[in-house]
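Student: Below, each chain spelled out in residue letters.
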Amino acid sequence: MVTLREPPGHANDHQPGHEHEHAHEALSPHGGRYDSILDAIGHTPLVEIPRMSPNPNVRIFAKLEMMNPTGSVKDRVARALIADLEASHRLQPDSIILEPTSGNTGIALAMIGRRKGYRVALVMPDNVTQERRQLAALFGAEVIDSPGHLGSNGAIALAKHLVAKDPRFVMPYQYGNPANPLAHETTTGPEILADCPEIDVFVAGLGTGGTLMGVARFLNRAKPGVRIVAAEPLPGENVQGLRSLDDGFVPEILDPDLLDAKYLVSNRDAIAALRDLVDREGIFAGPSCGAVLVAAAREARKMTAGTIVALLPDGGWKYLSAGTFNRDLDEMESDLEGGVNWW
Amino acid sequence: MSTVWIPPVLRASAGGAKQLDLAGGTVGEVINALISAHPSLESQIRTPEGGLNRFVNVYVNGQDIRYLGGESTAVAPADEVRLLPAMAGGSTGGSVALALSRWSR
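Chains as they are written, first to last, in the numbering used here: chain L, 10 to 352; chain C, 946 to 1050.
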């Protein structure tokens, strides 16, 4: 006889309701009919995740960016970056779009390049998961390896070097291109406010800074006073290969003054939160989503009451081979110290 | 005494220490105690004007002090102070300049 487990109830569960159904219909349709896959980017769902809130008086909503066509928030950015190249007439018939990326931006650029007929080459650290390389290759992108131990900085440096050497390479450069935050200022931010006008705090991961900067600029204008909170991963010991602090890197598009708080999250805590998310809420997400949820929980504990929107950048599919969902956390931690790149 | 975590890039100037227990009631006092113990760190951590190098991030219990009280942020004895270099993508590091010099040869 099979014994089924009772579904886990939770004290924070709310009664079903559709208070803001299709609230941003005016922006563009949800789940409707589109002219192409590029028009289906964005309009992602906002889903309450009551079982992830440590404070019963604080509601947490997750913006599910894994629902974008290639499974990450970077579809929004890649579409804007390519539109920017087109608008500035930087693409010639022999051009190759080249970008340093640890995965999601590359996959998104590759998909859009395939749909629009552009050649795409991606510089990726050689220790990113196989799924990311496979997806980029599936969309026809060429993948150029940079040394894994040099991380994202190594990929940026190699991409800059290639662009300087060969005029066919055109680099959208998400770390320095205002089109990146603008994509969030014009799409992500308005969607969030339309679906959650009661928002008090917005939490997102700090990578290029694009999501945080764009949403912050929109909210500062449309609803001043919303706290903008960044989650930043604690880098592993073995991957901080700097000669001096001055070799560090701050993305050109990042304005630290637009943030109200920044939390450092360990890989271990991020992955534990990610596993809780799938266990408690049935949402399958990537590790940076775990980091965002840890930061959201820290904010929630400090609040007396209110509403947090946490942007979850991608899904879990690309991290299965790294054992993200089933390996022993102690064992994973030592690997992560060695530089598995999941941000 | 607070525990101060030293990033790999600064350890050579801190006698190889990964962490140090240092006294101070604020972040600024703790950093000054660190510099007093290891004077060669001063030129790396501080600007000539006495501020913090823009490529160093300082956290108290995982929160960036830029959004707390800066160097005036209070530090209790059990608190953890962490210095980290600013790095790309918020992820695995490596020096852009170092990597560039490798491919530019």
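The hints are simulated quantities; they were obtained by calculation from the structure and are not laboratory data. Keep in mind it's a predicted model, so treat the numbers as computed, not measured. C-beta: ideal position from N, C-alpha, C; glycine also. Mixed in with the good hints, there may be bad ones.
As the list claims (entries may be wrong) - Covered by chain L, per the in silico footprint, the following chain C stretches (three or more residues, Cβ under 8 Å):
{"hint": "1", "stretch": "965-974"}
{"hint": "2", "stretch": "1004-1011"}
{"hint": "3", "stretch": "1023-1030"}
Claimed, not checked - Every beta carbon over 12 Å from chain C, so not counted as near; a handful from chain L, in silico:
{"hint": "4", "residue": "L55"}
{"hint": "5", "residue": "S97"}
{"hint": "6", "residue": "I105"}
{"hint": "7", "residue": "R123"}
{"hint": "8", "residue": "R142"}
{"hint": "9", "residue": "G149"}
{"hint": "10", "residue": "P176"}
{"hint": "11", "residue": "T195"}
{"hint": "12", "residue": "A231"}
{"hint": "13", "residue": "R236"}
{"hint": "14", "residue": "A239"}
{"hint": "15", "residue": "S253"}
{"hint": "16", "residue": "L263"}
{"hint": "17", "residue": "D288"}
{"hint": "18", "residue": "R307"}
{"hint": "19", "residue": "G324"}
Student: At a Cβ distance under 8 Å, does chain L reach at least three residues of the stretch 965-974 of chain C?
Tutor: Check failed, 0 qualifying residues.
Student: Mind verifying the non-interface call on L:D288? Its CB should be farther than 12 Å from each CB in chain C.
Tutor: holds, 24 Å
Student: Taking the minimum C-beta separation from L:A239 to chain C, is that value above 12 Å?
Tutor: Its Cβ does come within 12 Å of chain C, the nearest being 8 Å, so this is violated.
Student: Determine whether the non-interface label on L:A231 survives the test: each CB of chain C must be over 12 Å from its CB.
Tutor: Non-interface label stands for L:A231: nearest chain C Cβ at 22 Å, farther than 12 Å.
Student: Using Cβ atoms and 12 Å as the threshold, tell me whether L:L55 really stays out of contact range of chain C.
Tutor: holds, 24 Å
Student: Per the stated criterion, does the least C-beta distance between L:L263 and chain C lie above 12 Å, as a non-interface residue requires?
Tutor: violated, 9 Å
Student: Hey, does L:R307 actually stay past 12 Å from chain C on C-beta?
Tutor: Its Cβ does come within 12 Å of chain C, the nearest being 8 Å, so this is violated.
Student: Taking the shortest Cβ-to-Cβ distance between L:R123 and chain C, state whether it exceeds 12 Å.
Tutor: holds, 24 Å
Student: The output says L:S97 does not contact chain C. Does that hold with a beta carbon cutoff of 12 Å?
Tutor: holds, 24 Å
Student: Taking a Cβ-to-Cβ distance below 8 Å as contact, does the stretch 1004-1011 of chain C have at least three residues touching chain L?
Tutor: This one holds; 5 residues, not fewer than the three required, reach chain L with a Cβ under 8 Å.
Student: Taking C-beta pairs only, is L:S253 more than 12 Å away from all of chain C?
Tutor: violated, 6 Å
Student: Against chain L, does the stretch 1023-1030 of chain C show at least 3 residues with beta-carbon separation below 8 Å?
Tutor: The restraint on the stretch 1023-1030 of chain C holds, since 3 of its residues have a Cβ under 8 Å from chain L and three suffice.
Of the hints listed earlier, those the structure fails to meet are numbers 1, 13, 14, 15, 16, 18, in rising order.
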